[in-house]
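Asks: Residue strings, one per chain:
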Amino acid sequence: MNSENPGLSKYTISFGLSLTLASAVNALLVVAKEKNPKVMAGLQRLTGHHWVSHGAIVLAVFAGFGWLLAQAHRRRGMEMTASRLTGLLIFGVTIGGLIIVGFYLTAG
Amino acid sequence: MNQLILMAHVFFGVACLVAAVWIFVDVLNASASNQARIRKISWAAALAMWLSFLIGGYWYVVFYKADKNIILKGPWPFAHHFFMETKEHLVIMLLLLATYLPIAAANNLTVNKGARGLVLCVSGMMALLALLMEGDGAIIAMGVKVALLAK
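So the sequences go chain by chain: W and R.
Sequence positions in the first sequence follow this note's numbering and run 290 to 397.
Sequence positions in the second sequence follow this note's numbering and run 5 to 155.
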């Protein structure tokens with residue numbers, strides 16, 4: 290448990306931050322693979338389908354960073370208020386979504 | 005078989021949407037009496053989303069190419085260029101939110117106002133994204149239909 294948020298577990302904070310990061314990675318990977326044929330080909334080679342590789346990378350970022358951040362501060366995890374975490378989550382998901390929608394709106 | 009896979013994808017997607025709305029309403033009235041139910045439904049939402057994602061992903065990788073060719077030759081190529089392209093990437097964010105939901109709902113929602121706000125935010129974004137995915141899916145299906153009707 291986090292000392293500043295007695296009811297908020299360390300995994301809630303670490304995976305919440307990780308979700309924000311994974312949303313950004315998801316959006317940036319869309320732009321990178323659509324703009325750079327080498328990135329697209331690399332993703333294609335990795336699993337046989339670019340979308341499968343894309344999804345696997347984003348899920349790995351989410352799981353990996355979520356676990357890693359939970360190990361911070363001698364396994365006590367990160368410290369953050371619930372309102373700040375909620376704000377970051379909304380920001381990450383909204384920005385990630387807008388980048389994807391905006392990219393395909395302008396690319397199409 | 006192809007159609008059954010697609011129907012199962014939609015079924016579990018709608019189940020996730022319903023579960024997200026259920027959690028949102030239950031959390032607005034969070035108390036000791038409904039906390040266990042909120043946690044169970046949050047797991048159900050995550051399970052439904054994973055099933056929808058895996059089934060839809062299989063259909064996309066194996067069967068979608070034929071539909072894509074039909075759409076691109078028809079009057080609604082944007083059904084692929086915009087709606088399918090955004091759907092296949094936004095759905096990953098929905099999967100992340102659904103996976104995170106049981107983690108957030110594991111907190112004591114009865115006493116922790118911040119945790120309640122967080123679960124409300126996650127389930128609310130899930131419901132909006134799931135609704136968007138359903139709409140995208142309908143437009144993609146319509147893209148195939150108008151292309152076939154135009155032949």
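Hints listed in this document are in silico derivations from the structure and should not be mistaken for laboratory results.
Every value quoted in this text rests on a predicted model; they were computed, and no experiment measured them.
Hints may contain errors.
Claimed, not checked - Label pairs and their computed distance ranges (CB to CB): (1) W:321 / R:9: 25 to 33 Å; (2) R:33 / W:361: 29 to 37 Å; (3) W:372 / R:114: 34 to 42 Å; (4) R:29 / W:394: 27 to 35 Å; (5) W:384 / R:47: 26 to 34 Å; (6) R:5 / W:360: 43 to 51 Å; (7) R:29 / W:331: 38 to 46 Å; (8) W:321 / R:29: 45 to 53 Å; (9) W:357 / R:69: 18 to 26 Å; (10) R:29 / W:327: 26 to 34 Å; (11) W:327 / R:9: 28 to 36 Å.
Said to hold, decoys possible - Computed list of chain R residues with no C-beta within reach of chain W, every gap over 10 Å: (12) 28; (13) 107; (14) 149; (15) 150.
For glycine and all other residues, C-beta sits at the position ideal for the given N, C-alpha and C.
Asks: Hey, is residue 150 (chain R) genuinely clear of chain W, shortest beta carbon separation above 10 Å?
Replies: 17 Å, holds
Asks: Given a hint of 34 to 42 Å, does the C-beta separation of residue 372 (chain W) and residue 114 (chain R) actually sit inside it?
Replies: 18 Å, violated
Asks: Does the Cβ distance between residue 33 (chain R) and residue 361 (chain W) fall inside 29 to 37 Å?
Replies: The hint (29 to 37 Å, Cβ to Cβ) holds, given that residue 33 (chain R) and residue 361 (chain W) are roughly 35 Å apart.
Asks: Determine whether the Cβ-Cβ distance between residue 384 (chain W) and residue 47 (chain R) falls within the hinted range of 26 to 34 Å.
Replies: 28 Å, holds
Asks: Taking 10 Å as the cut and beta carbons as the points, is residue 107 (chain R) off the interface with chain W?
Replies: Label violated. Min Cβ-Cβ 5 Å, cutoff 10 Å.
Asks: Hint says 27 to 35 Å; check whether the CB-CB distance for residue 29 (chain R) and residue 394 (chain W) agrees.
Replies: The hinted range 27 to 35 Å holds for residue 29 (chain R) and residue 394 (chain W), with Cβ atoms some 33 Å apart.
Asks: Starting from the hint 45 to 53 Å, judge whether the C-beta atoms of residue 321 (chain W) and residue 29 (chain R) obey it.
Replies: Between residue 321 (chain W) and residue 29 (chain R), where Cβ atoms are some 39 Å apart, the hint is violated.
Asks: If I claimed the Cβ atoms of residue 29 (chain R) and residue 331 (chain W) lie 38 to 46 Å apart, would that claim hold in this structure?
Replies: 44 Å, holds
Asks: Verify this label for me: residue 149 (chain R) is non-interface relative to chain W, using a Cβ-Cβ cutoff of 10 Å.
Replies: 20 Å, holds
Asks: Does the hinted range 43 to 51 Å hold for residue 5 (chain R) and residue 360 (chain W) at CB?
Replies: Holds - the Cβ-Cβ distance for residue 5 (chain R) and residue 360 (chain W), about 45 Å, lies within 43 to 51 Å.
Asks: Quick check for students: does the CB of residue 28 (chain R) sit more than 10 Å from each CB in chain W?
Replies: For residue 28 (chain R), whose nearest Cβ neighbour in chain W is about 14 Å away, the distance exceeds 10 Å, so it holds.
Asks: Take a look at whether the Cβ-Cβ distance between residue 327 (chain W) and residue 9 (chain R) falls inside 28 to 36 Å.
Replies: 33 Å, holds
In this structure, the hints that do not hold are numbers 3, 8, 9, 10, 13, in rising order.
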